[in-house]
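Enquirer: First to last, the sequence lines map onto chains W and D.
So the first sequence is numbered by my numbering: it starts at 1 and just counts up by one.
So the second sequence is numbered by my numbering: it starts at 1001 and just counts up by one.
None of these hints come from the bench; they were simulated from the model.
One or more of the hints may lead you astray.
[Unchecked claim] Straight-line Cα separation of at most 25 Å, DSS-like style, residue types lysine-lysine; simulated pairs:
(1) D:1043 / W:6
(2) W:6 / W:69
(3) W:69 / D:1043
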Amino acid sequence: MSLYEKTAWASLVVVVVTAGWYMVNVLGEGGPDDLAGIFAEMVALVVVIVAIEIIAQIVIVVTTRKKDKDERDVAIEGRAAIYGQLAVFVGVFWVIIQVVIDGIWLFDTETISRVAVVNSLLIALVVGEIVNLGTQIVLYRRTA
Amino acid sequence: MTQTTITNRIRDLRYQTGEMSQQALADAVGVTRQTINAIERAKYSPSLEVAFRIADTLGVGIDEVFQHGK
């Protein structure tokens, strides 16, 4: 397994575990219901993800022989990024549609809350990252 | 990254060149062992530059390494 495939696996595990924790503990029952509280949890989540990723990256680099990115790594990374960006685009577009339908077409006085919009966008980013990393792993496995 | 119609004789040529390992070839060409393995198994088509470097390292012409299956 190459360095970059290991990195993709580690990142995928980190994103799934931390995002899962966020969904259960912050968006679930008993989580903060104000934007400031959710934002604080979101910042904590990002700090934890970055810290774990740095530690995982150090461990992988130290234990892997070949460290240079070659053309196959670049090709896989490029194709996976396209799918990841497509997922983010679909998610963001879906949020926009929801806000427009809820706020304008239904003439609803109480539109979708900012908290819901922020969390929907966060979910779109997380799903985009999972699609990106998942695609990398599939392409690495398929060409292994 | 899809299955290609390009076949190759890298495995045979490695063994004819003093049983060169995939890792040794990868180091000489400047790619990872996994990439050499993927090329060898026709699961990844290399760039022209890498294809020429593989041929040079194996001491043969590029047409002796890669063939296009029509």
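Enquirer: Are residue 6 of chain W and residue 69 of chain W close enough, with their CA atoms no more than 25 Å apart?
Expert: Judged against 25 Å, a Cα distance of about 13 Å means the pair holds.
Enquirer: Under the criterion that the straight-line Cα-Cα distance not exceed 25 Å, is the pair residue 69 of chain W, residue 1043 of chain D satisfied?
Expert: Measuring from Cα to Cα gives roughly 18 Å; hence the hint holds.
Enquirer: Measure nothing beyond the straight line between the CA atoms of residue 1043 of chain D and residue 6 of chain W; if it is 25 Å or shorter, mark the hint as holding.
Expert: 20 Å, holds
In this structure, every one of the numbered hints holds.
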